[in-house]
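Listed here are the chains, written in short residue letters.
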Amino acid sequence: MDFLTNLINGISLGSIYAIIALGYTMVYGIAKMLNFAHGDVIMVGAYICFCAMGYLGLSPILAVLLSIVGCTVLGIVIERLAYKPLRNAPSLDVLITAIGVSYFLENAALLIWKSDPKSFTSVVDLPSLSLFDGQLVISGVTMVTVLACVVIMIALTTFTTKSKQGKAMRACSEDQGAARLMGINVDSTISLTFAIGSGLAAIAGVLLCSAYPTLTPTTGLMPGIKAFVAAVLGGIGSIPGAVLGGVLLGIIEIFAKAYIGTQMSDAVVFAVLIIALLIKPSGLLGKQIKEKV
Amino acid sequence: MSRVSEALKPNTKMVPLPSDYIVPERDVNEIPVLECRHLGIDFGGLHAVEDFNLTVGKTEIAGLIGPNGAGKTTVFNLLTKVYAPTRGTIMLDGQDTAGMSISRASQAGIARTFQNIRLFSSLSVEDNVRIGLHNQVHCGMMPGIFRTPRYWKSEREFHEKSLELLDVFDMSSYAGITAGSLPYGAQRRLEIVRALATNPKLLLLDEPAAGMNPSETADLMQNILKIRDQFKISVMLIEHDMDLVMGICEGIAVLNYGKIIAKGTPEQIQENPQVIEAYLGKSREA
Amino acid sequence: MTMFKSMSKSARSTFTTYAMVVVAYVIVQILANGGMITNSLTGQLVPICAYICLAVSLNLVVGISGELSLGHAGFMSVGAFAGVVAAACFSSSVPNDALRLILSIAVGGGCAAIAGFVVGIPVMRLHGDYLAIVTLAFGEIIKNIMNNLYVGLDSAGLHFSMTDANSLGMSGGTILINGPQGAVGIEKLSTFFAGFILVIFCLFVVLNLIHSRSGRAIMAVRDNRIAAESVGINVTKYRLMAFVISAALAGMAGALYAMNYSSIVPKKFDFNTSILILVFVVLGGMGNIRGSVISATILTILPEMLRAISDYRMLIYAIVLILVMLVSNNPTLKGAWANLRSRLRGRRGRPKVAAAEAAGDAPEGGDSDE
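Protein chains in written order, with my numbering: chain A, 1261 to 1553; chain V, 31 to 316; chain D, 386 to 755.
No lab work stands behind these hints: they were computed from the structure.
Below, simulated DMTMM-like cross-link-like pairs (lysine to aspartate or glutamate); rule was C-alpha separation at most 20 Å, straight line:
#1 A:K1374 with D:D696
#2 A:K1540 with D:D514
#3 A:K1547 with D:D514
#4 A:K1292 with A:D1435
#5 A:K1344 with A:D1435
#6 D:K573 with D:D482
#7 D:K719 with A:D1353
#8 A:K1547 with A:E1434
Isolated chain A (complex conformation):
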């Protein structure tokens, strides 16, 4: 039963990573930039939800919605102010700017909410599911998280393959110049991608803090990095890849914690990434792009 419990915990954690990784992957696919501030948007999302429930007394559903709206707006603002002027800049300059944005969000949060950890109240008020005479307990948060992950993946896949904006997104990620010539508004498409990515970050932040209820200004940092690892593991730019990478990473992390030790679990996670990339240099589901000579 330990095995099953670990597996379920792993899938639950992995689903959170997957939701964050989806945001990473979409932004990378279209803007070809590593948005290091993504992890901090998660943290902001969780704080908004925390304040909406604690100070405004909103219901969990409303608080989550408010948090999604807040992060979406934040994502668009960041893109417009910090990233858009750098559209033609060297990629490292964009990376440093993203790091600057990340520092900014972290320290702004530190000023507003102080460094003491906030105890987050779960937004999920569902009873746990008890199986095998109570030997296997699946919490409400776990069920909601996994469900949310699946729904988001299906919705995103449908969106990018079926809808007009989704197709525009894919066109932009293939070739921005050509997309522009076809009459696609590249700027608004990129804004839309950031909006979706940040909205997903809000959901991930709320779910993360519902499962692990301590909230500090650096809460988003490590999940952000790991989700990035998950996105690369699955093949950055690929939606199913991000989900696969996220879930795998979550499972590996929980099992490493259980069987190898808490201290070394992160090392195991990163080692798996390295090995996977050495075998498949563009990730599990990524496209291999060969340079034309």
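Fit chains V and D to the known structure of chain A by using the hints.
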């Protein structure tokens, strides 16, 4: 020929000699610099190059022509080991290049220029040539860092040799300029100088006259002949400018859909009906 | 001055870099002797030297070799702890402090070089963002290993363990590295002078390398990998060379850094530290060694200067970072700057070709806006 007597040894597999063995008369007693036998590569299901047989003499100027997308650059990529062939062999100056890396092939004596210029554009013109001389002048990492006498000697050698090579194209006055800021024609010439610096036996030029006006092209033709005579090497070029190809190439191969459709002297190629068809399409009367 | 003018452009630029560092050192020494430097800044002198070395060494990978590395702090960490252990081991056999410091820094650099080689072999199979993420992963793995490393020294020699301090099996002696608590009771061997020498050494190695056959091969791979291969350069060898030298220098800097404190924890060398060094390099200008020296110095002092408004200092730091990037990439300002430069040049009566020539000075004399 010695090749035939070797093939007649007992237990050796008998292969028919390729009938298309043509080289300039002066090179007939030398080992050909390049021999491709049944060379082929597939991309997915597509036979990008198929059954490519070609022999290039020791000091021959050879031309590879054909319509766009015929697979000419792919052949260059096969010869320089950018791609590993799916089938067939490449003999470079009598040495099988199977399994070689790109840099090994360069050391074995093949050098090239690129269709879309690939210079070390942030470095100076002289540094570009010095990098071409990488395997001609030696100085390890430690002597380089600690500036031993060996370092100073090698730097002097680098400097002298690179200016000597730049002089071939009257470019030594550009030595200190950033390669990326050179005018287009000079960038093309610098690429040739850099390739020559590797001390090749066979120099591959991928569309050397692209974007040049007629007088520049005429200069280029003179320069290609000069290189061949001065360095005693063979030159193989891909080119769409027929004046250049017919003017200086001794042997020409025509590629279409990855296959050689004709081979011969410029005169033979110009009269070949298959070549005319490949370039202009079937005539209505036929 | 006539001698200065007769030097080649690259030699002149190299000379300026060394001169700048020496002059800065002399000025700071004079100010310190006159008691004109605050205590908090005096405490920062050795770290500034260490960060300069780290920035210069990372620039070798990021600017000269053209690979984004996000795990530089890992090599700093290896060097720091190896240096601390070495210093403890040599404490009886090498009584001279300066010699012991040199030996410890050399051991730190050597261990980091080995780590760099081990990490570099798999890393060099990858390119671009994938390479970057793997260096990040290795940085985190090194941090994790250091967090679980226990090293003790007794009469029987060194003891290592990856579980806890008890399993070291020590008879007396001292615990040098105690897992997450890191190294404690470090002998403070580092001095500002030692830091200055190490900075000069790093500059010497990196600048000389750039102007040698190996350095040109490294830059050739950066500018155009396929072309470099096609002229017979062993791409993997030279990428790995840059990576390992960079790791070794980072290790030396780490050893210097660690021996400036009485205790040091593995958590100090995390992802944020790697990013901090990367920020020095990018703000100083990719491939611009002198720029790295200047930006590492300013950006280490800046947060100290902002201490008065301590709550807001990191916020201001973040805003400065974003603004510098936005301003330096603004096309209007860029054009104005290029105009100004060419005018200044024109007044000095240099020939037109020099403008093109100066643009190619990027490896050490170029400007970050190019």
